[in-house]
Structures are given as structure tokens and as C-alpha cells.
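Undergrad: Since chain W is already given, all that's left is putting chain E on it; use the hints.
There are 2 protein chains.
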Amino acid sequence: MKYPRIVQQQWLTHSQLFHVEALSLEFSNGAKRDYERLNPGHDRAVMVLPIRDDDTLILIKEYGAGIDQYHLSFPKGAIDSGEEILDAALRELQEEAGYAATELRLVKQLALSPSYMGNKIHFVVARGLYPSRLEGDEPEPLEVIEWPLSKLSELVLDARFIEAYAMAGLTLLSHHLAAKKTSR
Amino acid sequence: MKYPRIVQQQWLTHSQLFHVEALSLEFSNGAKRDYERLNPGHDRAVMVLPIRDDDTLILIKEYGAGIDQYHLSFPKGAIDSGEEILDAALRELQEEAGYAATELRLVKQLALSPSYMGNKIHFVVARGLYPSRLEGDEPEPLEVIEWPLSKLSELVLDARFIEAYAMAGLTLLSHHLAAKKTSR
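Protein chains in written order, with full-length UniProt numbering: chain W, 1 to 184; chain E, 1 to 184.
Where hints are given, some of them may not hold.
Given that identical chains are not distinguished, each listed pair holds provided it fits within a single copy or across any two copies.
Claimed, not checked - Capping the alpha-carbon separation at 27 Å, the derived lysine-lysine pairs in DSS-like fashion look like this:
(1) K2 <-> K120
(2) K61 <-> K2
(3) K61 <-> K151
(4) K61 <-> K32
(5) K120 <-> K180
(6) K180 <-> K151
(7) K2 <-> K181
(8) K61 <-> K181
(9) K120 <-> K61
(10) K151 <-> K181
(11) K32 <-> K151
(12) K180 <-> K2
(13) K32 <-> K180
(14) K181 <-> K32
Read the hints as simulated data drawn from the structure, not as lab findings.
Chain W with its partners taken away, still in its complex shape:
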């Protein structure tokens, strides 16, 4: 399909975290639409899917200010300026879960909400875990939870496992594990 043409674009507002842009587009069939989008081109982030001893998934429990709720997720965070993706993954894993890893593999990059956000996140599978802690900026230590890989379907339904990114991570993880099995 032919791409829409940007007729007009203009910053609407900035806060410390959020940058809102107004966008007027003309589609290839002549239709015009006005959009608002958030953080175009901003906010590279990483989510780590840590596997310990081939049969245990490492989860963290943390407070989410957006929904005012504790929930289960995977270690994640922003990639610092100039930082490599896998370095950021290794740092977040140590800060949030207290593990380092000998094997880090980038699986895929996803967009958070393509229709109105520029935010993207890289998913990294971590294996060969060993205890190693770095001090992060967490307001309180995150609870680390060990979840058997054999019980993934219980995790899917768990009422505390409600982050879209983390659920997307499970798809990527299952795919990664299936591919690994096949290649043996």
C-alpha cells in the first residue's frame, strides 16, 4: 500500500516523560485524517526473558503507577543513551532480579501501540544465569518469583500477570524454546 503523506505536523505538548505531536495525514486515496501521537522516535527500551536451569522462568513483582497495582512482569527498562541493547538487558536483569547471564539473545523488537505511540521495545532471552546484583533506581526491592516453565498456562491466566508486553514476551519465549528444541 502507498504510504500516507504528512501534510502537517506540530508539537502539542511536552512533559518530562511524554511528547505529544499533532499529525495531519493524506492517504493515497485522498482521505485526510488528523492524529495525535506520543513519543515519535523516542524511548528505546528492553525487556528480558530470563530462564534459569532450563526449567524456571524468573519473574519480578513490581508496583505500576499507571494502574496503581502490583503485578508480575519481566525485568525491563529504558536503554541509556549510547548503551547497546544487550548491555541494557544485562544491566536491568542485575538491577531488577539480581542475576547476570552468560547468554543473551535478541529475539524481536515490538511497537507498544503503533497507531498512536512511537515507543518500541527489544525482547532479549537470557540464559546461563548466576547471582549478581547492581544498584538500580527502584524505590523498593522487587520481589523475584521463580515460575516453572511447565506451568506457563497458569501464568497466562494469573490475575497478577496483566502486562501486555510481558504477555507478548511469553509468545516470543515459547517460540524461542520451540526453535531451540527443533535445532537439537
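TA: For chain E alone, coordinates are given in the frame of chain W:
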């Protein structure tokens, strides 16, 4: 874990789509942090996972202004004020893919980004599809793509399948299909 206490909260900025709030929290250990969050309590949405003839997944291809890219996803959209979840799912399915469904099942609700967004989305599996189109507000007709359920692993890796929500939907779909199989 004991919940943090909200010390202060205040609206920072509103645009048509985005509502940014500043939030000062005190955690149970005494640590204080300032946050910004987006759309607290706002934006109920629905994503439909449509299965046709037991072996074909229905995808749509649409333009995402947030990333300025065409991508593959599932029919989705905001729930109108006063609208029931399954009614919204049926409406979006007809507007975006040109199908209605005799069977709609709510699988789970997920949060887009718990740490800084209030946005939530309901996932609905649709079966018993039949052609039926409603006029939506799309600027151009969305391309409808039929994807064999037997080729889900190719979809996971497809460079056009990059929406976190849709990837999360695949986990929920696989879980739903496995549960259905077991209950037979």
C-alpha cells in the same frame, strides 16, 4: 506488599487523546518517587482474535501513525461510552475485517504499560465468522489477510507483525485453543 501512598497528584497537560498526570508516591519503606502517568482510568479498548473455519486466523493490515508504518494486527478499537465489551468486539470485527461472529468469548484484560499508562484492553476470541460489514471511520479500507493457524510460528517472526498487543493476543489465542482441545 503494602501499597504506596499517594502524597500528591496533579494534571500536567491534556490533549484530545492524552491526559498526563504528575504523581508523588511514598512507598511503604519510606522511599519517595515522582512519576508521570498517562490516561489513568481512561481508554477501555478491545482487540478481537478472529478464527475462521477452525484453521484460519483473520489479520488486518493497517497504517500506524505512531510508527509511520503499515503492519499486521488484529481488529481493535476503543469501546464507546456505554457500550458492552462484546458488542464493541463485534462492531470492530465488522468495521475492520468485514466479518460478524456467532461466538464471542472474553479471554483476558491486559494493561498496555502498567508503569506509566492507565490504558487497558480486553481480548476477545471470535468464532463462527460470516461476512458482514459495518462502515467505520477508517481513512482507507484495511487489507484482510488469512493466516493458517498451522503457521503461527512464521507469524511470530514476520517483520510486519510487530504490535505488542497483537503478539500478546497470540499467547492468549494459543492458550484458548489448547484449553478447548483439552475440554473436548
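Undergrad: Give a verdict on every hint.
TA: To see whether the hints hold, each was checked on the structure:
In this assembly of identical chains, K2 and K120 lie within 27 Å of each other by CA distance solely inside one copy; the values are 23 Å within and 31 Å between copies. For the homomeric pair K61 and K2, the shortest alpha-carbon distance between copies (12 Å) is at most 27 Å, but the shortest distance inside one copy (44 Å) is not. With identical chains, the CA atoms of K61 and K151 are at most 27 Å apart within one copy only, with a shortest distance of 18 Å there and 34 Å across copies. Taking CA atoms no more than 27 Å apart as the test, K61 paired with K32 passes between copies only; the shortest distance there is 19 Å, against 44 Å inside one copy.
When the C-alpha separation of K120 and K180 is checked against a cutoff of 27 Å, the pair qualifies only within one copy, where the shortest distance is 26 Å, while the shortest distance between copies is 33 Å. Taking CA atoms no more than 27 Å apart as the test, K180 paired with K151 passes in both settings, with 19 Å inside one copy and 17 Å between copies. In this homomeric assembly, K2 and K181 never come within 27 Å of each other (Cα to Cα): the closest approach is 40 Å inside a single copy and 41 Å across copies. Taking identical chains as interchangeable, the C-alpha atoms of K61 and K181 are never at most 27 Å apart, the minima being 29 Å within one chain and 32 Å between chains.
For a Cα distance limit of 27 Å, the shortest separation of K120 from K61 qualifies both inside one copy, at 22 Å, and across copies, at 19 Å. When the C-alpha separation of K151 and K181 is checked against a cutoff of 27 Å, the pair qualifies both within a copy, at 18 Å, and between copies, at 17 Å. When the C-alpha separation of K32 and K151 is checked against a cutoff of 27 Å, the pair qualifies neither within a copy, at 48 Å, nor between copies, at 36 Å. Proximity of K180 and K2 under a CA criterion of 27 Å is satisfied in neither setting, with 38 Å inside one chain copy and 40 Å between copies.
In this homomeric assembly, K32 and K180 never come within 27 Å of each other (Cα to Cα): the closest approach is 47 Å inside a single copy and 44 Å across copies. Proximity of K181 to K32 under the C-alpha cut-off of 27 Å is found in neither arrangement, the shortest distances being 49 Å within a copy and 46 Å between copies.
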